[in-house]
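Q: Sequence:
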Amino acid sequence: MRCHKGLGGRMALMVLFLFGLPLLALAASLGEWTKAAPMPSKRTEVAVAELHGKIYVIGGFGYFFLGGVSDAVEAYDPETDRWQKKAPLLESLHHTAVAAVNGKLYVVGGYARIWPWRAVNTVWEYDPARDQWQRKAPMPTARGALAIGVIDGKIYAAGGKTNGEVLRIFEVYDPTTDTWQTLAPMPSPRDHLAVAAVDGRLYAIGGRMGTMSRNVGANESYDPQRKEWTVRTPMPTARGGIAAAAVGGRIYIFGGEDPERTFADAEAYDPKTDRWVKLKPMPTARHGLGAASFEGRIYVIAGGPEPGASRSDLNEVFTPPQ
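In numbering that gives the first Met the number 0, the protein residues as written are 0 to 321.
Take the hints with a grain of salt, since some may be wrong.
To be verified - Keeping only pairs whose Cα atoms sit at most 30 Å apart, straight-line, the calculated BS3-like set for lysine-lysine is:
#1 Lys34 to Lys279
#2 Lys135 to Lys34
#3 Lys41 to Lys226
#4 Lys53 to Lys85
#5 Lys226 to Lys279
No wet-lab data here; the hints were simulated from the structure.
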């Protein structure tokens, strides 16, 4: 009997080794999620960017009634897992966009009212050393639900929506000269899209054609040297209201919504192979969220767990597969 028990134990260990380890390896290949300190405030339709090791969450909806558009700026320190309030925006905005360039943050466009939404063309520069905001040259086209990305110190603004019109408009801002220039439009008009830059090219991904029921998976790449767009392999899961971050030459897309649900999907795009892979889904499905990377991890923050008017203080951290 002892012999049989020992044999059974060894067989169990062998089965675990043969089947358990590959399963663990498969799980690791999909990435891992952990939770970090929640935001001090619950918000959705925010703008998020990393600067000097801090992750800034800007604007959005704090509530869904008069006065509910937020001017809040809260900064998260991944090293200490703590939040700090910063000088508020000088204009309450939702569906705005933010990027970091040359040690400063730039908040571009957005909407300024609960209802009806009023698209703005304002640009705000934040100096973290002085904790102060100042107005810069306005964007040529007022719009909200746009997306922006940075290449060689310039901010590229793609798509969005104004006065009910979904836009293909593509404009670039140079913080050094405080000037704007209009470029060749995107191949397809979209709002609630995401943008990320990898190896000197900009990728405009996902979004929707005006309503939650018209989500798209479009993936269009812009080459600033040749000043032209290229259509790439679309995102497998068509969705808008998403967040994006680039790590290790890949672009990671999170969340989204349609009229019936929010998305927990996480997908990664490799521009070199023009291929997508599905990853471990977010612990909490959300839309109107933001994402920023720091030291190889992606911090996916805020957003609404339900379609439309919902909000959260969530701070979920994704470690991409190696």
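Q: For each hint, tell me whether it holds in the structure or not.
A: A quick look at each hint next to the structure:
1. Lys34 to Lys279: Holds - the C-alpha atoms of Lys279 and Lys34 are around 14 Å apart, at most 30 Å.
2. Lys135 to Lys34: It is violated: about 36 Å lies between the C-alpha atoms, which goes past 30 Å.
3. Lys41 to Lys226: Status violated; Cα separation ~40 Å.
4. Lys53 to Lys85: Answer holds: Lys53 to Lys85 is near 11 Å, not above 30 Å.
5. Lys226 to Lys279: violated, 35 Å
The structure fails to meet hints 2, 3 and 5 from the earlier list, while all remaining hints are met.
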